[in-house]
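In case you want the letters, here they are:
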Amino acid sequence: MLLRLLTARLGSRDDAEDALQDMWMRLDQLADQPIAQPAAFLYRVASNMATDRRIAGARRGARDALWLDHQPTADDLPDAERALVARDELRRMQATIDAMPERMATALRLYRIENRPQRAIAEQIGISVSGVEKLLQRAYRIIHAHHDPDAAGLPAAHRHDDERGNDR
Amino acid sequence: MSSGTSDIIDQAIAWHMRQDGMDGGDWAAFVDWLESDAEHALAYDRVAMQDRLIPDVAFPQPREAANDDHPRSPRWWHIAGGTAIAAALALWVVPIATHPRDARTTIATRDGERRAIRFADGTQVAMNGGTTLRFDPGDTRNVTLDRGEVTLHVVHDSANPFTLRAGDHVIRDLGTVFNVVSSGDGLSVEVGEGAVSFQPGAEDVHLAAGDALTVRGNGSAATIVRSKVVPTAVGGWRNDTLSFAGSPISEVVASLKRAQGTDVRVAGALSQRPFTGMIHLTGTADRDVPHLADLIGATWRRDGRTWILEERSLTAR
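If you're matching them up, the sequences are chains Y and H in order.
Read in order, the letters of the first sequence are residues 0 to 167 in numbering that gives the first Met the number 0.
Read in order, the letters of the second sequence are residues 0 to 316 in numbering that gives the first Met the number 0.
Rather than coming from a laboratory, the hints here were simulated on the basis of the structure.
Values in this document were obtained by computation on a predicted structure and should not be read as measured data.
Accuracy of the hints is not assured; some may be wrong.
Residues from chain H shown here face chain Y by an in silico Cβ test under 7 Å; the list is partial [stated by the list, open to error]: (1) I7; (2) I8; (3) Q10; (4) I12; (5) L33; (6) E34; (7) L52; (8) A119; (9) A211; (10) G282; (11) R304.
In silico SDA-like cross-links for lysine to any residue, where the CA-CA straight-line distance does not exceed 20 Å [said to hold, decoys possible]: (12) K256/H with D21/Y; (13) K133/Y with K256/H; (14) K133/Y with L294/H; (15) K133/Y with D19/H; (16) K133/Y with I53/H; (17) K133/Y with M16/H; (18) K133/Y with D50/H; (19) K256/H with D51/Y.
Using C-beta positions, here's what the derived DEER-type ranges look like [unchecked claim]: (20) T222/H with K133/Y: 19 to 25 Å; (21) N141/H with W23/Y: 40 to 46 Å; (22) D184/H with D17/Y: 34 to 40 Å.
Quick reminder that beta carbons are idealized off the backbone N, C-alpha and C, glycines included.
Given these sequences and hints, build the entire structure.
Encoded structure:
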């Protein structure tokens, strides 16, 4: 089932197997505290790893890892380009969150940055738990809308597809 | 993406928000959902990738205490505008202020995990993996780095200087971007912009942009070495770029562990050999460790989840 999850997320069984192997290698570092629900934990790690890989793939672009034994120069353009794309994404996210109603931004911060349970967020900002859920759902919806996922608008996903060739 | 798929996005968001509380059965249902339609997987992918950007963004911080007389961030007051809005804000800020908590907040990242913090004064702290920070939410101008690595963009205020403590060491900002690594056996400070004072009042070493300082060892046995860095390379870990100038391989490996959680053991005297260079990480240990081995002229092998680097001449290869 883990492999199915990874295959569904990564769009390729080879990538999924590779990710799974990587995951087993990292697991002992992740789990120094006792785990209440081992199965759920594994799924969560796998899901996060899939996202890691999607992002790394998008950021890496077509270029393979490059090791330099000197300081970066103007020749190092692909890097600069990559950083630019990342900065652009970040700027867009910043603008999105700046434009959010305060309460929504606060709920999102408590949920995503401080990892507070929704019940605690509800108490803190004085609305119901289902209100928090709706607020967060709307926040993610806004983020999605602002990061226009329309064809040319998402260089990340495109790069990734190009890079992987046509195994999808 | 056309409007007809908005339901799919909502479903993807709902799945994403549930993930922390899902049990085995829920996960199976999630996989079924992902597999049932290529659009599902695509929508989820976007939601998850966008979600990862959120911690890197500066959130408007709630005022921690009403009696806090530090200057407030100008941006905040722009947003707040009139007093009516300010009063409304105060209403929902209060529960945070009265939240019964330890005066000092601890924020920790695991190896391979990163986190960005923005304080009310606009000062930003980028935390690398394997890092623990402590501070009093009411006084974010005094922060303690228990271990790990941070890059700080400090908003300077000469009346209320920003001070970072790491072990016995104190670093005071003089208008600055700087990076600090603290580990059991040393401390390293690199300045990207502005200047800091290291051990103000005592040694009071002034470090300007491009200056670096490394302390190895503790107490009276400590040695302090000053060196130069490329200012733009300071805090390069945030872009998966690690730079070293004469650092022992053991520190290179420690950086790799912080950044990506990769466990690398260095055999024999190799760990003390100095390394100078820049490393771009791909995020995949399978690529990064063999590349590092190549770069330092070592052989690599894997023992379970640990990578082992060895001097090339010591092996049969």
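| field | Index of numbered hints that the structure contradicts, given in increasing order | value | 1, 3, 8, 9, 13, 14, 20
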